[in-house]
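Undergrad: Sequence:
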Amino acid sequence: MSREKLRRAALPPVQENSSFLELLPIVRQHIIDGFTPKALDVFRREFDFFDKVTSISGVLFPLPKEERRAGIRRELEKIQVQGDDLYLPTAPNKLVR
Numbered sequence: 001m002s003r004e005k006l007r008r009a010a011l012p013p014v015q016e017n018s019s020f021l022e023l024l025p026i027v028r029q030h031i032i033d034g035f036t037p038k039a040l041d042v043f044r045r046e047f048d049f050f051d052k053v054t055s056i057s058g059v060l061f062p063l064p065k066e067e068r069r070a071g072i073r074r075e076l077e078k079i080q081v082q083g084d085d086l087y088l089p090t091a092p093n094k095l096v097r
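With our numbering, the residue at position 41 of the sequence shown is 41, and numbering never jumps.
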């Protein structure tokens with residue numbers, strides 16, 4: 001989204017006591033609203049994938065430490081990758097297969 005579009009966006013006025021964190025969901029939604037249908041599809045699949053990966057830690061936490069490594073592999077194998085264009089944020093040139 002261009003600076004001009006952001007400037008014209010219907011963001012609520014910032015109050016003196018408003019925190020920056022309160023504005024983040026609004027700005028995030030404005031960015032998402034500007035996505036093309038294709039970009040929105042990739043965005044949703046990408047974040048769905050990372051939500052699933054992140055949730056693995058909650059599954060593994062109750063396990064004894066020595067069982068977690070096997071648990072990681074087991075939980076990763078449960079994740080079905082939607083599409084062939086998902087990537088790792090730490091290595092955007094590496095696609096998830």
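Simulated from the structure, these hints should not be mistaken for lab results.
The C-beta atom is built at its ideal place from N, Cα and C for all residues, glycine as well.
Honestly, I wouldn't trust all of these hints.
Straight-line distance between alpha carbons at most 20 Å, and here's what the computed SDA-like set of lysine to any residue pairs gives [to be verified]: (1) K38 with K78; (2) K52 with S19; (3) K78 with N93.
DEER-style ranges, computed between Cβ atoms [to be verified]: (4) P92 with D51: 10 to 20 Å; (5) T36 with Y87: 10 to 20 Å; (6) I26 with K65: 39 to 49 Å; (7) E22 with A70: 10 to 20 Å; (8) E66 with L88: 23 to 33 Å; (9) F61 with L88: 15 to 25 Å.
Undergrad: Hints the structure violates: just list their numbers, smallest first.
TA: Hint check: 1, 2, 3, 7 fail, others pass.
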